[in-house]
Structures are given as structure tokens and as C-alpha cells.
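Participant: Listed below, chain by chain, are the residues.
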Amino acid sequence: MLEPHMDRHDATPDNSNGGITPFTFSGPALAECRELMTHYPGEFSKSALIPILHIAQADNDGWLSVPAMDAVANLLGIQYIEVYEVATFYSMFHLEPVGKHVLDVCETAPCMLRGSDDLIEHIEKRLGIKAGQTTPDGMFTLRAVQCLGSCGGAPMLQCGAKYHEHLTIEKVDQLIEQLRGKETRTNYTDHIDTPAENGTTASA
Amino acid sequence: MGRQLLLEHINKPGIRGLEGYRANGGYRSVEKALKTMAPEAVLEEVKKSGLRGRGGAGFPTGMKWSFLAKPEGVPRYLVVNADESEPGTFKDRYLMQRIPHLLIEGMIPSSFAMGVNTAYIYIRGEYFYIARILEQAIAEARAAGWLGKNILGTGYDLEIYVHVGAGAYICGEETALLESLEGKRGNPRIKPPFPAVKGLWQRPTVVNNVETICAVVPIINDGGEEYAKIGIGRSTGTKLISAAGHINKPGVYEIELGVSVEEFVNSDQYCGGVSGGRPLKACIPGGSSVPILPAELLFRTAKFETRLMTYESLSDGGFETGSMLGSGGFYVFNDSACIVRATWNHSRFYHHESCGQCSPCREGTGWMEKVLYRLEHGTARTDDIDLLWDIQRRIEGNTICPFGDAASWPVAASIRHFRHEFEYHATHPTKVKDPKHCEKDPIPYPEKSYAN
Ligand SMILES: Cc1cc2nc3c(=O)[nH]c(=O)nc-3n(C[C@H](O)[C@H](O)[C@H](O)COP(=O)(O)O)c2cc1C
Ligand code: SF4
Ligand code: FES
Numbered sequence: 001m002l003e004p005h006m007d008r009h010d011a012t013p014d015n016s017n018g019g020i021t022p023f024t025f026s027g028p029a030l031a032e033c034r035e036l037m038t039h040y041p042g043e044f045s046k047s048a049l050i051p052i053l054h055i056a057q058a059d060n061d062g063w064l065s066v067p068a069m070d071a072v073a074n075l076l077g078i079q080y081i082e083v084y085e086v087a088t089f090y091s092m093f094h095l096e097p098v099g100k101h102v103l104d105v106c107e108t109a110p111c112m113l114r115g116s117d118d119l120i121e122h123i124e125k126r127l128g129i130k131a132g133q134t135t136p137d138g139m140f141t142l143r144a145v146q147c148l149g150s151c152g153g154a155p156m157l158q159c160g161a162k163y164h165e166h167l168t169i170e171k172v173d174q175l176i177e178q179l180r181g182k183e184t185r186t187n188y189t190d191h192i193d194t195p196a197e198n199g200t201t202a203s204a
Numbered sequence: 001m002g003r004q005l006l007l008e009h010i011n012k013p014g015i016r017g018l019e020g021y022r023a024n025g026g027y028r029s030v031e032k033a034l035k036t037m038a039p040e041a042v043l044e045e046v047k048k049s050g051l052r053g054r055g056g057a058g059f060p061t062g063m064k065w066s067f068l069a070k071p072e073g074v075p076r077y078l079v080v081n082a083d084e085s086e087p088g089t090f091k092d093r094y095l096m097q098r099i100p101h102l103l104i105e106g107m108i109p110s111s112f113a114m115g116v117n118t119a120y121i122y123i124r125g126e127y128f129y130i131a132r133i134l135e136q137a138i139a140e141a142r143a144a145g146w147l148g149k150n151i152l153g154t155g156y157d158l159e160i161y162v163h164v165g166a167g168a169y170i171c172g173e174e175t176a177l178l179e180s181l182e183g184k185r186g187n188p189r190i191k192p193p194f195p196a197v198k199g200l201w202q203r204p205t206v207v208n209n210v211e212t213i214c215a216v217v218p219i220i221n222d223g224g225e226e227y228a229k230i231g232i233g234r235s236t237g238t239k240l241i242s243a244a245g246h247i248n249k250p251g252v253y254e255i256e257l258g259v260s261v262e263e264f265v266n267s268d269q270y271c272g273g274v275s276g277g278r279p280l281k282a283c284i285p286g287g288s289s290v291p292i293l294p295a296e297l298l299f300r301t302a303k304f305e306t307r308l309m310t311y312e313s314l315s316d317g318g319f320e321t322g323s324m325l326g327s328g329g330f331y332v333f334n335d336s337a338c339i340v341r342a343t344w345n346h347s348r349f350y351h352h353e354s355c356g357q358c359s360p361c362r363e364g365t366g367w368m369e370k371v372l373y374r375l376e377h378g379t380a381r382t383d384d385i386d387l388l389w390d391i392q393r394r395i396e397g398n399t400i401c402p403f404g405d406a407a408s409w410p411v412a413a414s415i416r417h418f419r420h421e422f423e424y425h426a427t428h429p430t431k432v433k434d435p436k437h438c439e440k441d442p443i444p445y446p447e448k449s450y451a452n
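Chains as they are written, first to last, in this note's numbering: chain A, 1 to 204; chain D, 1 to 452.
No wet-lab data here; the hints were simulated from the structure. Treat the hints with care, as some may be off.
[To be verified] Computed list of lysine-lysine pairs in DSBU-like fashion (alpha-carbon distance at most 35 Å, straight line):
| # | chain 1 | residue 1 | chain 2 | residue 2 |
| --- | --- | --- | --- | --- |
| 1 | A | K125 | D | K370 |
| 2 | A | K46 | D | K198 |
| 3 | D | K149 | D | K70 |
| 4 | D | K12 | D | K48 |
| 5 | A | K162 | D | K12 |
| 6 | A | K171 | D | K249 |
My request is simple: use the sequences and hints to build the entire structure.
Facilitator: Written out as C-alpha cells, the structure reads:
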């Protein structure tokens, strides 16, 4: 099946940033990409593709437009299709614009046992959208995703780099209100304070 | 509590930084291996330890390392598998997040033993923040001379890079992982050739789980024989178990292999008993890909022997009455859980995650999800249970990678042990429209005789 907006490989208004705007990496992002490419033997620099797509996505308002993917292909000296086929395979790459804050709620069995179905239903009602959709104001995208390696903190969700574990209806409501007031986009690549404490999985 | 070889220091102040890690004996194994041992001697200790891969398959690590091809002039690689996406499994995250230097340390004697000068950590994209933690640990270790050129003046060089994925369970399968690391879709490769001969960029490569590599640290420090004293039979050493589901104390526990499953579930040192004040119904002891065990077969085997947390005991009885230790993703169901719903949930996972290369897997996982959806939602057709059995049977063994088996086994085991619940769903369409029907009205487990 073709991904939405991927039936044409040329830049069109609906697969670009609201019009056929060329994408260029910001200075720091480009420097990060070039550094990443040094992690692999020169002839295999294509290996940097997935890490670089993460950077491009964060640099392009949280999604991968066709011009952004083309810029990645040009940077790595590979065919456009080599980028598209990868971008369409991995669940963390968004091929359409997404909300400022993407809520990835885990729906897999261990989380289900601890109430993820109810949690997702609650967030759907609260935001007035179904999983997979974005709120009309562009603030939130809700996604039901597969196990995030946090089953001990179930039910849980990921938003950007942050893991929110042991969720209750009250906690998730609070989180949504807090995010509503946050204008800057959250990205998976965000630097967070005290990453070692991310999530609160208990242990012995 | 048994011996804690990996988690002993995990809550010590400052353990996440190099200084605190060193203060608790960190990087001793590097000094010992590089300064006093030959690479072959390091390999020998790992062989003696009996260490088996902690990623799921349980393959002997020393043996895997000895298969690594060593053609003249061709670089070879160690790739650490930090993809950790098997539902129920969250132990590697815990290790890397809380004690990142343990993994970096373990990679040094391991790489040294195999003559590897460049190693990668392939980490799932959702753990981006952990990639940053690891990168910082690598930078610290490098600045202190534990990595880089001429480590400790021994002439040995090693660079470690962290590589993030982007969300795909299949990339935990080692050849899919290598494809992904090469910047491609995560499509598993046909084996042979095995990665030990043609791996990353067609060069000899060993792929090991995070926990496996961490275990090399105590093995080098105390010797393989010491390590092998812990455990029972071919299940040596300690294992991290990530416990979840209906238990009082979800979390990551380090067990000595050989504790009884009953103790693990009920002791306050570990899971602290089944939660919700309800009886135990079932357990998936090794990640979503291993067969589910009904309560009747969890604490004792079909032969009425005590079931132990070992590779052998958990698989005792084969697929008929056993399961597997797998990745150590241990999740428990009390009687409020509906097995049909859980099976549907699992099948949705496998359908979502199939890479799509093989038709039996790509189509079969979708069919299973569809049929299970009908059963779960009270719209089943009369022969749906047999149909489901038939589909899973035709996937297993007919695919490029073991994902096909992993998708079929949970379905097969659920039907094998809980056929009565599937029949209940087929015959009580109105009742099962309420997803919480088991919570309100548990379905009793029928009297069965497992002894033969
Ligand atoms: C579908 C599938 C998913 C897998 N996922 C993981 C994983 O997330 N982490 C892991 O270490 N091994 C995973 N494995 C096992 C790896 O293929 C490989 O056997 C393992 O990384 C080897 O390391 P070990 O010998 O140290 O366990 C998976 C295997 C399959 C078939
Ligand atoms: S069994 Fe499934 S996941 Fe594995 S290669 Fe075939 S289609 Fe891909
Ligand atoms: S099942 Fe939700 S994090 Fe694992």
C-alpha cells in the first residue's frame, strides 16, 4: 500500500511544508548529521540514514516532507527512493504533519493488563479525536503504539523523549493540560533533564 | 535475595558517572583482560562460564564468539542488540539508563576477545534519550583512556558508536538489525550465511544482547568457573527478569537461575504476589513470543516437578505443557484477564510488526488478527477456532526468520490451554462484547490431567 502523499515522489503542496518549500538543514542539524556520518566507514555512510532522518524530522516541524527526505538523500549521496523506502518502514517517522505533542500510548498486552484500553479511550474523548488523528488546533496527535519497553510502568505513554509511567486518568489529564501550555514542539530527539530518571520503573 | 552481579551497584550514588562507577570497582575487568590475559583466555573464561545469550534464544555466548570468521585484513564487528522490543521486556532499558558504564565496560573485553576494533550499539529509536546517556558514558570512558587508541598502553584500539533505530520490533532480529544499521528497511536476511561470516557490510559480525555483554564483566572479574557455580545445569549465572502485568511489584529483578517460579511470583523480594486480590490465571514467562502457561502448569511441570526459572525447567514438557525463558519478559494474568483478548492483542502486535517479506507471515498475521478480532468482539463464525489453528500451523516453519514462529506460538498455546475460553467467546457473543467480562464473571479453568 502506498503511504499517504507518497504516491508522487515530486514535491507537491500536500507532501511539503504547506506549499513547495525547499527544505534546508539548520546549521547545528547539518553539523550533527556530518558528525554522524563519521561513525561509519566512508563507503558505507548510508548507514547514517536513520539517525539523520531523526534529525531531519525534528528540524522539519516533526515530520518528514518529501523535500526533507530529498535533502537527506542529497546529503548522503543516495537515491531518493532509498530514503523513502526506509522512512515508510519505521513507525517513528511521520510522513504527514503531526501535532506539536505526539502522544504515543502503548497498547500492547502487558499495558493492556494494567488498563491501557481505558486510558486510550479516555484520551480520545478528552481530545475529541481517535487514535491516529491530530486535534484541529494542531496541538496533539494521539497514537496507539506497540510495547515501548516500559511494561513495568504500565499503563504508560511516550511524548517526545519523555516516558510517562504508572498513568492514571488524573495524571494523564494533568499532562495534557501542561502540554497544552507548551508552545515548543516535543521531539524524540529532545535533551531532557535527568534522563536516567526517565519513567519511574520500580525495582528491587 | 540471590547474588546481584549486574544490579549490585545500580542504586549507588553517582553510579551513572565514570567517577562513581569507578569507585564501585568499575572497569576492573578491562584492566584484567587487556593487561593480564590473551584474547583467547578471555574467550575461554566466557566459555567456562556457560553464559547463554540473554536476548531470547539462549545460545552459548562463548561458542558464538568462537564461530566469528577471521579473514586476514577484513575488519570484524561486535554489535550490541539494544533493540529491546519484545513485549514484556524492559531489562536492557533499566541497565543502560541506570548504569550505562556497565555495558561500555563489558564491550571492551568482549571486543578484545574477538579482535574487534569497532563496535556498535544498535538501540531502538524510542530509547533516543538512552542513546544520549550512552554517548556521554562513551565520551567519559574515552577521555579517561578506556576507549580509543592504545587503551591502557596495551596497543589495543576500540571505538564504540551508538546507532539509533526508529521503531520496528523486527530490527531486534539480528540480520534485520544489521540491515537497519546499514541504513535500510529491517528485512531479515536469509541464513546462511550467518553474521559470524557475513554480517555488517558483509563482514564478520557478532550480535549480542545488552545483558549478555554486561554479564561478561563479572565473568572476567571473578572467573568463568565462579560464574558457573551459580545456577543449575546448563542455566548458569544470574538473569534479569522484567516482571509486569497483574503482580504487586512490577520491576526488574536479578535472579540466580534456578529459583522456583512460585518463589519468584509470590515472594516479596520479587513480584510480591498476584495483584488485585484475585487468583492467578496464567503467565507468559519469557516475552510475548513464548507460549502462555496456565496457572496449573506454572509452579509445577506436568511431571509434578517444581518449575524453576531456568532455560530447561521452563521449557520442560515442550510446547504441550512447557514454555521458554526467552528474554525474561515475565507477565502475569489474574482471573480478570481475558485470554482471547490478550491473544487478539498479541496478534495485532505481530501483524503490525511483520516486515512483510514472506507471504505466510505477512498475510497470516493479518488473518489471525482478523479472526481473533471476530472472536473477541462476539462476531465469530462457527469454525473460527479451527481456522485460527490452521492459519498459525501454516506460518510456523515456513518463513525467512523466526518471527513467523514467534507470531504463531502464542496463538497455538492460547488455544491449546484455553480452548474453553475461545469456545465461550464463540458461544456467548453478547456477553463477550463487554471487554471486562472476565473481571465481572471469571471463566473457570476446567479440570485437566496433564500427567501422562
Ligand atoms: C523477531 C525477533 C526479535 C528479536 N528481538 C530481540 C531484541 O529486541 N533484543 C535482543 O537482544 N535480541 C532479540 N532477538 C534475538 C536476536 O536475533 C539475537 O539472537 C540476539 O540478539 C543474540 O544475542 P544473545 O546471543 O546475546 O542473546 C530477536 C529475535 C527475533 C527473531
Ligand atoms: S517471518 Fe515475517 S518478519 Fe520474518 S522475514 Fe518473513 S515476513 Fe519478515
Ligand atoms: S507493553 Fe506497554 S510498554 Fe511494554
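Participant: With reference to the structure, classify each hint as holding or not holding.
Facilitator: Hint check results:
1. A:K125 <-> D:K370: holds, 26 Å
2. A:K46 <-> D:K198: Holds. A:K46 to D:K198 sits at ~18 Å (cutoff 35 Å).
3. D:K149 <-> D:K70: Holds - the C-alpha atoms of D:K70 and D:K149 are around 21 Å apart, at most 35 Å.
4. D:K12 <-> D:K48: holds, 30 Å
5. A:K162 <-> D:K12: Satisfied, since the Cα-Cα distance of roughly 24 Å is no more than 35 Å.
6. A:K171 <-> D:K249: Satisfied, since the Cα-Cα distance of roughly 20 Å is no more than 35 Å.
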